[in-house]
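When the letters of the sequence shown are read in order and numbered with full-length UniProt numbering, they come out as residues 1 to 328.
Treat the hints with care, as some may be off.
So the derived label-pair ranges between C-beta atoms look like this [as the list claims (entries may be wrong)]:
#1 20 with 75: 43 to 51 Å
#2 158 with 73: 23 to 31 Å
#3 270 with 225: 43 to 51 Å
#4 270 with 122: 20 to 28 Å
#5 228 with 152: 30 to 38 Å
#6 65 with 11: 24 to 32 Å
No wet-lab data here; the hints were simulated from the structure. Glycine is no exception: its CB is placed at the ideal position from the N, C-alpha and C atoms.
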Amino acid sequence: MPDHFTPDRPALRSWLPGYLALAAIWGSSFLFIKVGVEELHPFQLTLYRVAAGALTLLVVLAVLRDRLPREPRVWAHLFVIAAFGVAMPFTLFGYGEQRVESMLAGIWNATTPLIVLPLAVLVFRTERLTARRGIGLALGFAGVLVVLGVWEGVGGAHFAGQLMCFGAAACYGVAIPYQKRFVAGSAHSGVSLSAAQLLMAAAQLAIVTPLVAGAPPVPTELSPRVLASVLALGALGTGLAFVVNMRNIRVVGASTASSVTYLIPVFAVLIGALVLDERLNWHQPVGAFVVLLGVAVSQGMLGRRRRATVPATPARAPAASAEPAAHR
């Protein structure tokens, strides 16, 4: 088809700044976690983070004149999503970053799509396994082994920290297809569902945290550095970042918006190196590249042809985000 008949694409200036800002916010979350666990137990950090994010989205709901879900069935599903998509992974990343570099935690976050696919195929039946996806999975998990450096042996605090970060990604792997299967088709907006999800996670953490870590300290007892990190994690990484992501989906579509996953570990590595002076072993960035290659293959990102004969329609934001509210 001649070029003058192809659909117009959104101008880069209309979405690229928000796209890059989102990658930077989610990539920097691992830095803020690293700083936060200096003075807070991982459970306490997660509780403060989730509470700040919930308050932020409640404000957004009020501005948009939207409301929380009212159906008990929806809240029951959100209880599961809150546990596996928020409370558990956020806490596991906190435990992991007590033992590993923030940039390495960012790399492990990129393995989430590799865990989502087999669960979506085998458990939730929301996807089909094809040869291309199988090859992508094999590549991705080969990259996981390279990141772990299994030839150097296993064991020790550093290896345990990596497994905790991988466990956090595995929790997302459960939450994402569960959300797609049971919640994504509801009539509620993404902001509404995410705010409810964070409120549910805050309630769960408010019960568990004092039992595991004791009562969290009063915010005024925290150093300015840690307090700023907690607020950034909650208000930005867990709250406003979701709003930016929803705008990106509306402007350029879910496929392009979701490709921010590939930039998050890049920002995590850059920020960890520049701010915390962290360093990686050679096999960790190499393994990260193999992981991202596997994700790209499994998601059909390589060799995809543009369909010029189909008129473009404005992308509609899904009722629920394809990923948990602060996956990162």
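Tested hints:
{"no.": "1", "hint": "20 with 75: 43 to 51 Å", "in the structure": "violated (35 Å)"}
{"no.": "2", "hint": "158 with 73: 23 to 31 Å", "in the structure": "violated (43 Å)"}
{"no.": "3", "hint": "270 with 225: 43 to 51 Å", "in the structure": "violated (20 Å)"}
{"no.": "4", "hint": "270 with 122: 20 to 28 Å", "in the structure": "violated (36 Å)"}
{"no.": "5", "hint": "228 with 152: 30 to 38 Å", "in the structure": "holds (36 Å)"}
{"no.": "6", "hint": "65 with 11: 24 to 32 Å", "in the structure": "holds (30 Å)"}
Hint check: violations occur at hints 1, 2, 3 and 4; the rest are consistent with the structure.
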